[in-house]
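Taken in sequence, the protein lines are chains A and B.
Per this note's numbering, residue 1 is the first one in the first sequence, and the count goes up by one each step.
Per this note's numbering, residue 1 is the first one in the second sequence, and the count goes up by one each step.
The hints are all genuine.
Among the chain A residues that face chain B by a calculated CB cut under 7 angstroms, a handful are: (1) Asn70; (2) His85; (3) Arg88; (4) Glu92; (5) Leu96.
Rather than coming from a laboratory, the hints here were simulated on the basis of the structure.
Built from N, CA and C at the ideal position, the CB exists for glycine as well.
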Amino acid sequence: MITVEHLSKRYGSHPAVDDVSFTCEPGTVTGFLGPNGAGKSTTMRMICGLTPPTAGTATIDGQPYRRLGNPGRRIGVLLDASAQHAGRTGREVLTLAALTMGVDKRRVDESLERVGLNSTAAKRRVKAYSLGMRQRLGLAYAMLGDPGILILDEPANGLDPEGIYWMRGLLRNFADAGGTVLLSSHLLREVEAVADKLVVIGAGRIVAQGDKAELLAASGTVVRALDMAALETVLRRIGHAGTAATDGGVVVQADAETIGRAAADAGLVLLELRPAGSGGLEQMFLTLTAGDSVKEAVR
Amino acid sequence: MTAVQTAPTSAPGDAAGSAGRRTGIPMARLTLVELRKLADTRSGLWLLIVIGLAAAGAVALVIFAAPADEQVFDGMLAFGLVPAAVLLPVLGILSMTSEWSQRTALTTFTLTPARGRVLVAKLIAAVLIAIAVTAATAALAAVGNLIAAGTGGDGSWHIEAALAGQLVVMQVVYVLMGSAFGALLMNSPLAIVLYFAIPTLWSVLGEMVKWLNSAAGWLDLNVTSLPLSEPGMTGDQWARFGVSALVWVALPLVAGTVRMLRREVS
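Modelling step: build the complete structure from the supplied sequences, incorporating the hints.
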């Protein structure tokens, strides 16, 4: 169980993380979504005691991370797969971790096998690893101590589609067996397939959080009419101006009945009227966070 | 939480995890890890190999080039330790700086959040490696002395206990000075350059500037550590060495510890 309460981090006058609160329950995968620079990694580093928060607390099973004498046995962390000594072999990286945690060294080979790194790869230095291999090594590292909680920052980066599919299965099984997973990404599609809960962050603040199903249900309605200009006028009149979807329709934050009636009253021909689902969630995600990612790109 | 603890693949892990919660990771285990980290990369391993080869070379030099009456065990040991005195501190520096330049601090401090304990483990590992290198050099010097005895050299085995102690102290102080510079500067090239440049610069200034000259007698480690490699070090020499070691080792180490404990890891 991860509990984050009113966590904030300021760098000078810039609030990197601003009053963030959420919990991750056992048996669930929580997707932590936001564009680059939204504060995902900073939040995760604060949970792991690597960055001191300006305000607020984060606890693991009720205790601050720094008080978990041997944290590797309770919580597996992968914050940056590239943060490994380039001159060590994959096996050596895991052996050091096993020694530190006091885990049987035989588990090193088991872990390597579980993430699909064969003995040839294990003998190579991390310098020669592709990003995908580093992510796999990082996952092996995180799971080495047999923890009940996983914190993974953008673990799908650099994995090929097959690797992403494999990782989803791994995390799903982990959660289904009672584990807790916090997983960050800047791609909704990536976490949507595996997450039970979503926490969406933009510019350091939480902009939406809840059950994935609820968020999907609340993500609006897609409507497409023969005469889109007339539809927009009608929508604006009833106070539900939508945002243009990529496929030519409009996503409106109103239920199908409201829109349908308004269209019928205006005598419009509708071609499409359906729950927006993940498309709408993506739309919402983009709207809520778009400004920040532009800023981030320029900064 | 209970659901997690009885979780999937687990079982052995959680018992040890909850037992280790109070006490943290034992210092012996952390030290072992830090010792292993000194030699498990190419740079670390080669540094140790080069120290070994250079020590052998130094001993050989004594056999081939020194006058017969100087071909003795304590002389070979003192001379054989010169390469280690120069290169071992680099290992100490890298042990501290590579955590930051290779960004392994991220994983090191997630597995051991008590950063002070990691730092202490690194210092213990540095001291142990200094003692081990001194012992290994003593073995090389012994072999050299046997050869010297067979080829017409003096081959005396006499060594004062005080001198043996002094030689170990010298290695330990130098490697700790390296570790301290590494902890303070957190950047491999910068720490290595400054480790060699600042004391040398200070020595040069001490020679050139008159009013610095007397201060250098107390503060220039290059000068005050010279008596360590010869028998019969006096109390005054120990005091001078102690003061300069305090300045060059303790001062950067304290500042480095503060920096390491406070630095944000990313």
